[in-house]
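Participant: Letter by letter, the chains look like this.
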Amino acid sequence: MAPSAAAPSSTALTGVLAAAEQIILGKPQQLRLAFACLLARGHLLIEDLPGVGKTTLAHTLARLLGLDFQRIQFTSDMLPADILGISIFDRERSSFRFHPGPIFTQVVLADEINRATPKAQSALLEAMEERQVTVDGETRPLPEPFFVIATQNPTHQIGTFPLPESQLDRFLMRIALGYPDRDAERALLEGCDRRALLADIQPVLDPAILAAAQAQVRQIHVAPALIDYVQALVAHTRHAATWQHGLSPRAGLGLLAAARAWALLAGRDHVLPEDVQAVLPTVATHRLQVPGGAIESRAPEDVARLLIEAVPLP
Amino acid sequence: MKPDTTQPLTLAQTWWLLTTGLAAFVPLVPQVPIWLAALTAAVFVWRAALAWWRQPLPNRWILVLVTLAGTAGVFLQYRTLFGQRAGVALLLIFLALKQLEARTPRDGIAIVFLAYFLTLTQFFEDQSIPIAATMLATLVVATAALAALTDARTSPLPLLRRAGVMLLQAVPFMLILFVLFPRVNGPLWGLPTDAYSGLTGLSDSMTPGSINNLIQSDAIAFRVKFDGDVPPRNQMYWRGPVLTQLDERTWRPGKMIRVSALPYTPDTSSPAYRYTVTLEPHNKPWLFALELPTHLPPDSFTTTDFQLYAKKPVRERRRYEMESRIRSRHDPETLNQLASALNLPQQLNARTHSLGQSFATPGSSDRQRLQQAIDFMRKQQLIYTLQPPLMSANVADEFLFDHKRGFCEHFSASFVILMRAASVPARVVTGYQGGELNPVDNTWVIRQSDAHAWAEVWIEQQGWVRVDPTATSAPARIEQNLAAAVPAGDPLPFLSGAGLDWLREMRFRWWAVNNAWNQWILGYDPKLQRELLEKIGMQSPDWRQMTAWLAGLCGTALLILTAAMLWRRPPTDPALRQWQRFCRRLARHGLARHNWEGPDDYAQRLAAALPAKAPEISRIADLYAGLRYGRLDPVALEALRRHVAAFKP
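Those protein sequences? They're chains E and W, same order as listed. Those letters in the first sequence? Residues 1316 to 1629, by our numbering. Those letters in the second sequence? Residues 3 to 651, by our numbering.
If we strip away everything but chain E, and leave its shape as in the complex, we get (with noise of 0.2 Å):
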């Protein structure tokens, strides 16, 4: 536990989501998800079609959070430059002089990421994992916390490089928003402007707090027998003809972290089955690959389902 804040209560944390649910109407799961994804140091991919709240769930969270927020919207002529910033010479002071690009800011909301080409994607991915930027031979660290809502269309559309399997697995988790349910649509479409909320929206947590509950994330307790059950599930993707590829390494840290943090999002210190498996369908899906290359089609829940049915419980 971070000695310099101290730890928040689990009530301030959901305080966090109570507040964001007034602005995001009928989605408590997605928003617990994507708090989780954040708390765990993590960065999430929303795979939805245009106007279902994407962005505004992206500032939402920025703004409870007291967060910098910035929005990139990628297309196919982008720079690398335009993302993560250039330099520039200044005549007055007679040297260069480095101008941040739109990455340096808390939270970002990447959007359409595969409209970009790879080029671009890869600049912005590759920030996402080091949490710095060299430019010009200078290396640059990215503001903390930092956290990348990026999002995809999920049909393949004309002119759009879909993120390969290799970088899909930056993400810790990919969600989908879908459309709300008939009572939060009505409640949408009574109610006023979003934008209009946003501004009043004060912050609920200070960056302190949050700092200190990301680092409470890390000492949630994981016992022998979870590490067991991970690494069932992870062992079974490897191993059943159900997918090519099985989950990486890297896939089972992030269902450790985030498990972590929706434990801790649930008041508890430790971790139980419950909690890898709540998380399982964001975290592991967009990792695994059907027998052929393709990236699996299946509803996530269906293929956590089928995964979590599969692993009995050590």
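Keep in mind the hints are simulated off the structure, nothing from the lab. Some clues are possibly wrong.
[Said to hold, decoys possible] Beta-carbon label-pair distances, calculated as ranges:
1. S219(W) / Q1559(E): 51 to 61 Å
2. G1582(E) / V637(W): 21 to 31 Å
3. A550(W) / L1568(E): 55 to 65 Å
4. D1496(E) / R56(W): 25 to 35 Å
5. L1364(E) / A51(W): 36 to 46 Å
6. S1481(E) / F115(W): 38 to 48 Å
7. R644(W) / R1446(E): 46 to 56 Å
[To be verified] Derived contacts from chain E toward chain W, CB cut-off under 10 Å, selection only:
8. G1582
9. R1583
10. L1587
Don't be surprised by glycine CBs; every beta carbon is placed ideally from N, CA and C.
Start from chain E and add chain W according to the hints.
Facilitator: Just chain W now, with coordinates in the frame of chain E:
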């Protein structure tokens, strides 16, 4: 983990199945007609090509057509679809075609099982050690394929290792079953009657060159293990067919008169030799024994000319215990028989005839005439060789007077003609002479290259006396072996020359291993089984006792293996044990935990089903979760135990 057998086969699994099919198919190729081997191979190639280029499997109707064609082919070949050979052929076709319609691991399992069965059929034709080794290899491949069907992505080497470990674990059971499974009399491996045409051995007639051909063969005729004294090498005459009747160049047996008692009386003052003969199948009824046996082996009879016959042709390896004495007393022969031992075709071998007649001066005894003949042959300085020159019908004349080069059949035949011309009854005896002692297991190995022909003459008051004319010219053949007897530079049978000692040494070892295999593995019959079991202390074992022991020992072996596996597993968490107890109790009330269900989820499900018990359930689940997954102090284990014990659903 439960294997998913409805998923399509992966490429690796397809290759495994093809390998298994090939491993089962290739050793069977010599057993099946060429067209069938070609058809099967073609189907394998077809499947491999489809797998290589990732093409879909062919239409069902094509398969039906090929199946019908193959079945019709088998029927035309064997005139039946049943029986051993036709059955193997049919299964082979199915094994190949099943590859073309295998889509899921479930189909793959059918292929593996078929391959297991076909592995067994390798033993139908040949039960030697190399075949057993091939079968074992096939077994490992098939078992590894079975493992690959449930585990799609493990690489071949670990799969093979896993199969090896599984087969090793099966070894105790194999041994128990082998030793104790009640045996039936008769061969375990019944052979069809057409399986013997290729066997080599002595024939029932002798023409110049017939033994010569046989001698080129390295095949083993029989093995002998002496119990006690071993006769000197020059007394090792293994008697076979006796040839009395000469028909131009060809010697044939005389009239066979079967007798049930021995037609001679063994001389009890001469040394006796006890030994066990293991005779290789040779498809003829003769049994071989040292001259002359004192009793008859089971299922055999003898004849007036002292031949030993089995009641049926020897078609499987046969083991019999014998005793022989060097000397014996012979009853007077009937005139008929002596007359046939004097019979000669008159127009041939004129020079030999007149020479023989010159010995027959009135008043000379048979023994004197015999000595004259031996002296003559010695004087002629005949050369013993495996490559005698070609001779016409007057074999004896050309051999004795012109070429003077010949083989044991020339020596014996010419000698018998000479004796008959001198009015001394004589006959040719064929069989084997000598043998080779295998120092590794002290067994004498008698090979086809030890085949020999010698002579017997009838001397009044003495009976039939063995004379080996070869010994007069080439004593080394009798004293040592064939290689020592032929002139330097003459061709020799395989491996009988000097200078290949290490190879001979290896061959001795191989023979010893083969002999042990034949005696103890293939020859493990009810008698041997009983002897072995009595030796390890089982009194008069019958099948009931054996079955009881069988079950008991297999159970024990299973327990030991299970215990070993449990021993290697980490000890069960005591909290988990309590939790399992709790879950079992609820399972009896139809609320079984799914094996993947975590404590929290299960507790919620239970609470919904048993609302009255909800607090108790949640306390147990919390204690268990805290102990197993959290950092709850282990003293809470006692509380968990108490709660679980007190819980009544």
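Participant: None of the hints should be skipped; say for each whether it holds.
Facilitator: Each hint tested on the structure:
no. : hint                           : result
1   : S219(W) / Q1559(E): 51 to 61 Å : 58 Å, holds
2   : G1582(E) / V637(W): 21 to 31 Å : 24 Å, holds
3   : A550(W) / L1568(E): 55 to 65 Å : 57 Å, holds
4   : D1496(E) / R56(W): 25 to 35 Å  : 44 Å, violated
5   : L1364(E) / A51(W): 36 to 46 Å  : 45 Å, holds
6   : S1481(E) / F115(W): 38 to 48 Å : 41 Å, holds
7   : R644(W) / R1446(E): 46 to 56 Å : 50 Å, holds
8   : G1582                          : 12 Å, violated
9   : R1583                          : 7 Å, holds
10  : L1587                          : 5 Å, holds
Hints 4 and 8 from the earlier list are contradicted by this structure; the remaining hints agree with it.
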